[in-house]
Amino acid sequence: MENFLIVLAFVIGLAALALAIWRFFAGPTTPDRVVAADTLAIITTAALVWLAAFFGNSIYLDIALVYAALAFVAVVVIARMIEPDAKQADAVSSQKEAD
Amino acid sequence: MQIIGASLILLGTSFLFLGALGLFRMPDVYNRIQAGTKATTLGSLSVLLGIAVYYPLWWPKLLLIALFILLTSPIASSTLARAAYKTGLRPYRAALDKGEG
Amino acid sequence: MSFRDITALALLAGLAFLLALVLTEFPYTNGSLNGIGQSILALAPKEVGTANIVTSVVLAYRGLDTLGELIILFVAATAAGMVLSNSPEEEAQNLQPLVRFPAAGFVLQISSHLLFPFLLLLGAYIIVHGHLTPGGGFQGGAVLAAAFFIPVLTSPAGPFSHNVSSLVEGLAGGSFIVIGLLGLFGQGYFLAPLGSPGIVGDLVSAGSLPLLYTAIGIKVGSELAGLLARFTQT
Amino acid sequence: MGRMHQPGLGIFPVWLGKSRIMNTNTSSVNVPQAAYGWQRILLATAFIYPVWLLMVGTFDPAELSIGLIIAVLTAWLSKPHLHILDAIKWHPAIALYVLVYVGVFLWALLRSNLDVAARVLSPRLPINPAIVEVETHLRSDLGKLLLANCITLTPGTLTVDVFADRLQIHWIDSTPGRDMTHATASIAAQFEYYLSKFIK
Amino acid sequence: MMGPILLVILPFLGAFMLPMVYRHYAQVGSWVAPLILVVNLIICLGLWHGVEVVGAQSMAMGGFTAPLGIVFYIDGLSLLFVLLLLSGSLLLWLGAWHRRVKEEMLLLLIVGGGSGLVLSGDLFNVYVFFEIVAVASYGLSASRRGDACGYAASLRFLLIGSLGSSLILLGISIIYALTGTLNLSHLTLLAPELLQGAAGLSAFALMLIGFSVKAELFPVNTWVAEVYAHAPVRVSALLAGIVSKLAMVVVLRLLLLLYSHEYAYMLLLGIGVAGLVTGELAAFHAKDLRRTLAYSSIGQLSVIAIAFSIPGPLGILSGIALAFHHALVKTGLFMLAENWRGDFSSLRGVAQKAPLASFLLIVFSLSMIGIPPLPGFWAKFVLLQAGFAAGNWYQIAMIVFLLSIVVEAAYFFRFIRVLYQNSAEQPPSMPHKRELQPALVVAVLLLLVMLMIDPINHNLTTIATQASDVKAYIYNTLPAWKLDY
Amino acid sequence: MNLLDALLLLSLLTVVFMYFYGQRRDAGWFGVAAYSIQLLMLAGLYGDMQNDLVLEAGLRLMVMDFNLSWGMSGIGWFFALITAGAALFASWFAAGDWQDSQKDMRIQHLVLALNVFSMLVLLCSQDFLSLFIGWELVSWASFFMMTHAGGKAADAAYRYLVYAMSGAMALFAAIVLIIVKLGSSRFEDFWAAIPTLPDSFLWLLVLLFFTGFSIKMAVLPFHLWQADAYAETPGANASFLSAISARMGLFALALVLLQPVGIERLHHLMLPLFSFIDARILLAWIAALTAIIPTYIALQQSDARLLLAWHGIGQGGLMLLGITVGTPLGVAGGLLHAFNYATYQAALFLAVTAVLYRTGTTDLDKLGGLITRMPWSYIVLLLGIIGLAGLPPMNGFVSKWLIYKSLLDQGMPMLLVAASISTLGTILSVYKLIHNIFLGQLRKVHYEVKEVPLSMLLPMLTLAILGFITGLMPGLALSLVDKAQMALGYAPLPHHLGGLEWTTGSLNMLWVVGILIYGIAIGAIIFYFFGNRRHITHQWDNYAGGHFLSADVPYHYSHNFYPGVMRVIGGWFRNQILNIEMGIRHFIQWSGELSYRFHQINHPALYLLMVTVLAMALIV
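Residue numbers (the working numbering), protein chains in the order written: chain H, 1 to 99; chain L, 1001 to 1101; chain V, 2001 to 2234; chain S, 3001 to 3200; chain E, 4001 to 4485; chain G, 5001 to 5620.
The set of hints was computed from the structure by calculation and includes no laboratory data.
One thing to keep in mind: the hints can contain errors.
As the list claims (entries may be wrong) - Taking lysine-lysine and the DSS-like style, the derived pairs with C-alpha atoms no more than 30 Å apart in a straight line are:
#1 Lys4353(E) - Lys5444(G)
#2 Lys3200(S) - Lys3079(S)
#3 Lys5444(G) - Lys4287(E)
#4 Lys3197(S) - Lys3079(S)
Stated by the list, open to error - Listing some non-contacts, in silico: residues in chain G with all C-beta distances to chain E over 12 Å:
#5 Asp5363
#6 Ile5465
#7 Ile5469
#8 Ala5521
#9 Gly5531
#10 Trp5590
#11 Ser5591
#12 Gly5592
#13 Leu5594
#14 Thr5612
Unchecked claim - Coverage of chain H stretches by chain L, computed from C-beta distances (three or more under 8 Å per stretch; other residues unrestricted):
#15 50-63
#16 66-77
Keep in mind the model is a prediction, meaning the values are calculated, not measured.
All C-beta atoms in this analysis are idealised placements derived from N, C-alpha and C, irrespective of residue type, glycine included.
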């Protein structure tokens, strides 16, 4: 029973991964991809924790932690990078006002 | 006991899947952020909890991971949403008109 | 898809095919760990005293490689710093280069205050436990760098002292080498393990390796932070 | 707009380098007060050390002692960031309020997930997005941050940005005719209530 | 035996400490780099003496013996190139990089990495040091400020260099997968059994192409001209004169120790001949001084590759001789090219303004072409001897080589004759003193070499014989228990 | 330290001196002194030049386990004599007023000294390495001599450089092949090994050596560079260059190939597939064609210096022809011709330079009638062209006679005909030379032209007189040739002061000249005593095409000088070799551009992938 649950969870997790990856590649805008990356990161973190349990070795938890931290940083960095720089931001805001 | 753990893990992965599905189905980036981050946060927490049931000795670190995810996940989504907004992406148009009207 | 792309793809496919052919020649019967690997597995806990075999390879048997990798990073950071910094004069006066990004949103700005100590701690943890668990100086250094980088990211106008970062960097790298030289003058070999191996699995074990990892971690951290800051600020 | 908030983020420990820039460039909003520096560090150490304990998960004396050193070091290095700790209201029942807050928050998180699940699984995809602005009474940065995070994780809402005293919120389902500003304010107010118990 | 590791470590330490020293003691700072170079030079000469007395030796890092740990192998060949690196850097330093901290750091790192590169007896360690040198050279090649073309060229250099590095890594992993060891002498022991198959040889091909990027061999040398044309002359001189040779030495070691196989020799020969033809012809077509020099260095390195592809000590000898000669002369030529940018026609009448520089240019060019009794002639002479004595393919290569010398003379004198023509316009200024000084030193060295050609020949012969002694390499490196295996 | 060492040292010191003091006005006189002393030293060596003995120089080097040694044998001595003499006259000419017209006398002096030194080094080489060293020294020294004038000269010199390098590389290949084969670079070892060498290897060596040496000599397929290069060099040095420089090829060819390999062996080296042609016949015909074709190219020239330079090539062919005949008579003829040619060619170049000095041009279409203004130069030029045409009483006649005689003796009538055709062309073109410069009408712009100063006239006259004396008494020169001939292993010719006694015929120039003078005297007597009174008209009163032209109609028949001849032979000038050269040049340029483009690619990774795939595909 419990094995079945775990396997089911695994399959569902894989499906989730697949959907997120699809979004990552499909876009259509950069923020969309970043969202997908963020989701992927969280799923991966969970997967790493699960891996730690699978191997029964707690050192994978460290990896999960570091991964979570770095993935977060990466997402934030990309989010910052896709933000328009000062000049473009002004252009965008003025355009908004024109709307 | 282990059944509970496995169920929690299953629940967690289900939420993760829902999040991914939301990512897949939602029409614009804000809604995707909403669906994606919320569901995955709870999903991962649930998975962590399930693992904690299996390995009770690991709770400190699992707790740490959970706290970290709780802290960072909304920050990431908020930052993303702001970035999307700054790039000039408008929320899903048809509904917006109605909402403001 | 241009002709060039098609050519490149065809070539890549050819390369993959050839590599696959080469792969068939590999001696799989030997198992994945062969001569040297097995010797190290047998000798490492006794000679070096690390719970994590990778660390014993990284810091003891192939300590010079690790130093080399450290230096590769250092070179990259130096080179990028040279290319990206505006001019030697400005560099000398520690003037901040032009900022391309406006400050980040409120949420990120404030959360960076919260994240900074956390990431710092995480990095320190990874570095200090490098000889016990996977990861070590490089990974911990990356986390450290992330810690220092997030504030830069949130407000690029804020001061990031490249002087200090390069100072820390130099000191950390220097101390790695000095530890190695201590081995050279003490035991006659560069990077010879100092101190006793201790009990495998203890925090205080494996002789001077944790110190080496600390040096690596700090160095990598300051280097990556400096590098990332340069990229952001340019 | 967002650039209004530029608190002094001495990022890399510039004070080590005696940089000339430091005095001129740090903004005046939340300059760390030198007089209270050590208190803050102490306080931060008190926050950080348990995190270390959670990380190592043992009470090995070597780990404990090295952890203490690292915690103090970390706190010291984080000096320019510690001003956010000033936001905490110190009083005896603080732990209780925090616990209550966490409970409310987790409950909201659960509800929000179910909400998302319902929407995602519904074949019609019942969404109706809008962006609404709402005021907050919290004054401290930390408070506003926590509020924003809560709102992000509660049903149907997502904090897009925070300005001086207003939050910009994305609604996934703004029913036509409903007073969205009011609805948002009520959600905010709910969290604000618990938050204001321990944060300025 | 502390010397060898100090050769590597001291420059690294210096590079780490340089910013700090500059910050606090600027006056001292400018002397750190040359001091380290001089100290290393002394160490190197001491080691040289040791090698002459007791022969080649090895040195284990951290006390971990050969197949497990990393070993340095100290013989004439490695010391020779360390010597070249050190003295070349010292020469290029002469009053030039004063107070440009980052450049000095990169120079020191190249020195340390390059010394490790030739000394190391471990394949992966070689790769690591190669990466250090490579990354530092990417950096240095972009060190002229505000030169967009230069940046683009450096970027391309970086791109193809990293691709090459990944090929090297791929080759090393194939070797590791085949043999389970990375130690060169251990590999030498295993090579006849395990590395002469298709997989082992393709590993060689991958590594050769990877190293070729830095060694400016065909056809991965397309970065050369633009980088050398835009980088500061010192950097061009350093890269063309010295760094490229280090990669060649690694290839030589691989060839000698692991791959005494027909395919390996022929591959290197083919690449060499193709590079020689395209390089020299491109130099002939080039319209400005620095590109001409760049293409000429492609041709010269291809010649060195041809030399190394000839089995036997005579080939090695000629390769080493050519490498040294090219290092010396190309350095001098690049130094003179500092102020002489642009089209040839703009150089009209330079000789009147800068007679000494023009004279040096002629001398260097003549030596480059191989006019007796200048040293270049003897190097080419030995190569021809080795080549004509080897098989048919080598003889064809030698004919191509001879024809290439004609082309070489043609392009060198195409711009030299311009220098001596009269011009109505104001000719470009003469090289600055800080470039002329190293050029003069090079000229003096060239003269010394010319006068001492016989003892140098004897020393190099010893070194070449020593380097081609594979058995000695194994016995000096591996402990006794491994040899029984 | 023997006399030879002293000679080499002095020569080197001359170079050094010229480097430091070449700009002084009296540097030319120093040069005269130095070259005279060198000449005297060479004369002092006369006694040492016995049979096939070599006078070793003190300097010996051991380089890369090869012995490098220098020493002088008879043949080297013979050419060294010509070298020092030519340098002496060049320096003499340049020492006086002529240097005022030059801007860069220091470099001119320097390159002259450098050339002399490098030629001496070459002539003293005793093994292949020292030969190659000397060869390269000579090539580069003469390159610098040609190039320093700039302009067209530099272009010509550049062309020469490419040719010279090609030749040097052929030579280099041959030398290395010998060294690899024999393990030694000494001449003796090579000579000793020749009988054992297989024919194919020998063919290869003959081809490589011949290519290498003949480029310097400008033998037929490689002749294109020389005329331009020599013509554009400043006068004094041009006389030196054309007198001796190209003869270095002759020296080396004789030294390395003809004598040791031997005419007999060459005679038995059959061309594969065309077995009726052997190496000797091949060389002889190449030499004969070299004697013919450039001579007729010279006929086409409208510039005096170019004309002379083209003749130099033709005369070189004649010398080679004499050497390849391979009998004592032929070899002596070839060598003597080298000597004689040096005298009159130097005189001719100096005379033309004198004209250039006074009029500023050597364009034959722009000169004329200078005989009244520069009579002494006219006499020098006249004597020179008589020598060049090979007519008595000048020395050119003697050497040509020897060559023709040897051809006849050997039964080579076709070659004799070829040589005669060449001489015909020579006579035609030297008449064009003297007519267009000195005869006919004087141009208005040249009214004020005066005779060149004595400082320039003296060396010219001395050379011309030398040519006459050695023509009158060829025994003087033949006694020098003896030494060279003995060194090559031939018996010396039985000669006396006025000529020689040979089995198939003898020559006594004293008689010939005596009869000639007697005839002229009779003619003069008839003219002055029995003919009409002398009638002096103005130089402009002339006639052409049957019409009398008065002084007010300037008409000078110089443009398109030999229309009839040209109409006959014009069709033969198709410039085939020039076209081949152009083709090669364009091919190199085209492939250079291709290579350049190859390196300009923006996506270098493609090459990387390509070569990786290729390299791996070769093994896997």
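Quick rundown of the hints versus the structure:
With a C-alpha separation of about 42 Å, the suggested pair Lys4353(E) and Lys5444(G) falls outside the 30 Å cut-off, and the hint is violated. Of the supplied pair hints, the one linking Lys3200(S) and Lys3079(S) holds, its CA atoms being roughly 21 Å apart against a limit of 30 Å. Our distance criterion of 30 Å between C-alpha atoms is broken by Lys5444(G) and Lys4287(E), whose separation comes to about 47 Å. With a C-alpha separation of about 26 Å, the suggested pair Lys3197(S) and Lys3079(S) falls inside the 30 Å cut-off, and the hint holds.
For Asp5363(G), the requirement that its beta carbon stay farther than 12 Å from each beta carbon of chain E is met, with the minimum near 22 Å. Every beta carbon of chain E lies more than 12 Å from that of Ile5465(G), the smallest distance being close to 38 Å; the non-interface claim holds. Under the 12 Å C-beta cut-off, the non-interface status given to Ile5469(G) relative to chain E holds; the minimum distance is some 40 Å. Every Cβ of chain E is farther than 12 Å from the Cβ of Ala5521(G); the closest lies at roughly 54 Å, confirming the non-interface assignment.
No beta-carbon of chain E comes within 12 Å of the beta-carbon of Gly5531(G); the shortest separation is about 57 Å. With a cut of 12 Å on Cβ distances, Trp5590(G) falls inside the contact zone with chain E, its closest approach being about 9 Å. Its closest Cβ contact with chain E, about 5 Å, brings Ser5591(G) to no more than 12 Å, contrary to its assignment away from the interface. Look at Gly5592(G): its CB is around 4 Å from the nearest CB on chain E, not clear of 12 Å, so calling it non-interface is violated.
Listed as a non-interface residue, Leu5594(G) fails to keep its Cβ farther than 12 Å from every Cβ of chain E; the least gap is roughly 7 Å. For Thr5612(G), the condition that its CB be more than 12 Å from all CB atoms of chain E is violated, with the nearest at approximately 5 Å. Coverage of the segment 50-63 of chain H by chain L holds in this model, with 7 residues showing a Cβ closer than 8 Å to a Cβ of that chain against a need of three. Residues of the segment 66-77 of chain H with a Cβ under 8 Å from some Cβ of chain L number 5, which satisfies the need for three, so the listed coverage holds.
When held up to the earlier numbered hints, the structure conflicts with 1, 3, 10, 11, 12, 13, 14 and fits the remainder.
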